[in-house]
Amino acid sequence: MSDADEHGYFGQFGGRFVPEVLVQPLQELEAAMHAAFADESFWSRYGQLLRDYVGRPSPLFVADRLSSSAGGATIVLKREDCNHTGAHKINNTIGQGLLALRMRKTRMIAETGAGQHGVATATTGALLGIPVEVYIGAEDARRQSLNVYLMKLLGATVRVVESGSRTLKDATSEAFRDWAASAGSTFYCIGSVVGAHPYPSLVKRFARVIGDEARAQCQERLGRLPDHVVACVGGGSNAIGIFAAFLGDSQTKLWGVEAAGRGLDSPAENAASLLRGTIGVLHGARTMVLQDGGGQVSATRSIAAGLDYPAVGPEHAHLQASGRVTYVGVDDRQALDAFSELARQEGIVPALESAHAIAHACDLARARPRDEVILVSCSGRGDKDAARFALGEPH
Amino acid sequence: MSRNLGAATISGVFDGCKSADRAAFVAYLMAGDPLPSTTAALIRAAIDGGADIVELGFPYSDPLADGPSIQAAATRALRAGTTFDSVLQIARSLPVPVPLVAFSYFNPLYVRGLERCARDLHQAGFAGAVIPDLPPEEGAEAVAVFASAGLALSFLVAPTTPAKRLSLIARVSTGFIYVVSRMGVTGSVTVIDRGTKALAQRLREQTDKALAVGFGISTPQQARMVATFADGVIVGSALVDLIASSPPDQALPAVRSYCARLSAACRRGADNA
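For the protein sequence lines, the chains are A and B, in the order given.
As numbered in my numbering, residues 725 to 1119 make up the first sequence, in order.
As numbered in my numbering, residues -4 to 268 make up the second sequence, in order.
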């Protein structure tokens, strides 16, 4: 229903705006993707690894104390933080890793912001026996030193990127540049529903296990569908993953939460591409981009490195344009409050990225009756952020 | 269809070089690097040295097809305040008409509006454009808009481009076809990939349009080798590096003499074997 057309467009967004050297690798990937998706043995291997290695299905948890504290509707958490490696990212990397094996690629590369996708890719590489190199911006490497250590421990090579703003966008550019020279032997395991066609569709297919499970769990456990589904949006893969199962449920309201950083009205101090961006082309897709009037991509800022990206998956731009999903901003302070609130009320320390979604869920809950259900994607755990604060970073 | 003046200008340069038994030497410079005020003189130095065409880079924050040299040049140019309008101003300030080709990533053009860009580029004296991240599948509007503004639009072919796409790219390109000599991004290499000649030959079977080879060429020896099978030799990163490493008062003579050596290497014929 909302899948991309044959050219990779979701409405007017998406496409394949890449240097010619990348066209053939993307075509090869697209063909391999379709073949794998039509192959039952691929899904059987994928399902087996998600169960035995990742620990799926992830729990659905009714957060009673958080709901009471927010003072209204019932908040239910989809616990992607319980996955092996502590975030939803591994749903995607296992899928892409298996695809890399099918394509007989002997090396995987990845970009990472918060380090979660880097850790998930490094983990997948170790599991499947594929050497991994991860690009990370120098600024992020500093902010996420725990994950840099983990990637190395898992046997990956970490490449620190010093160009541009030294964050996720520059790590992504560098990974594409690597791939332009190495696509014959290398699989680029992208970390979100961004980039040129077919990446947004490929990543969505692996992320949608979140929503498919959560929808079935809601029906089974609560006997009904949620009234609201809330997820944070950087590139937007956990959000697309949970939304995908509910797009056809017109009674369910969908909320994407962007990083408002130090404020939506402070240019270069947020990462709210949908709320403050304009239409542009970045990393191969036409989408909403934070940029100046001359088409130069802006600096972004969020306390959550995983949301610190100046564009967003093209399907989100389409879902915003069509009105199916409502996008809102949560700033650093609100995210930090939700981070400690969930820890204290439920004994769950969420990633700062996920805390953006928790904060908005609490806002929604406040004004609504107890019998309304708000499903939140708790996309990852917060150990990486706790480590930053333990090391003395102010918050 | 009305005559594409820009394409005719560029084809004219390649035809002239062919009659003189030489490949055209295309010099790439990053506009605004190190300052918007220095670029016009650097263009003149390249032309004085023997450049037949100047490809003028529009700085962009996220140049996906470029290696470290041109990335750094773009960063310097943007820090120096270079904008789309200041690059147009540089082009307009050139006292003598020079065959100028704009090299710009798609996003700045898209955000400004393709029709407005085409009109502005034409009025500023550009004969054509290269948009390195716009494959023909996404380029239908740009092809139409640039053609009606009288500008050539050159697409790129890469070593991995399959035969079917080679003919598509050959068909939609005007002015010349940009042959990427290797997988990867711009930047000097020690050895030009031997597959480049085969790629140019495969393309030659599809088209009579001029073929200019770029990505990686930095020495007269490499230029001489490429000139044996291509209509044009494009040198960018090495020139950008030369400007970055020259003391300010030495940059112009350095560019002039480097371009003279590359231009001489583009001559075919027995004395240059």
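Be careful, since some hints might not be right.
Said to hold, decoys possible - Covered stretches of chain B (chain A as the covering partner; in silico rule of three or more C-beta atoms under 8 Å from a C-beta of chain A):
#1 25 to 35
#2 43 to 57
#3 71 to 82
#4 117 to 129
#5 212 to 222
#6 246 to 257
To be verified - To give a feel for the contact side, a few chain A residues facing chain B, derived at Cβ under 8 Å:
#7 728
#8 743
#9 882
#10 884
#11 900
#12 904
#13 972
#14 974
#15 976
#16 977
#17 1005
#18 1015
These are calculated hints, taken from the structure and not from any lab test.
The beta-carbon is built from N, C-alpha and C at its ideal position, and this holds for glycine as well.
Looking back at the numbered hints, which does the structure fail to meet, lowest number first? 1, 5, 6, 7, 9, 10, 13, 14, 15 and 16
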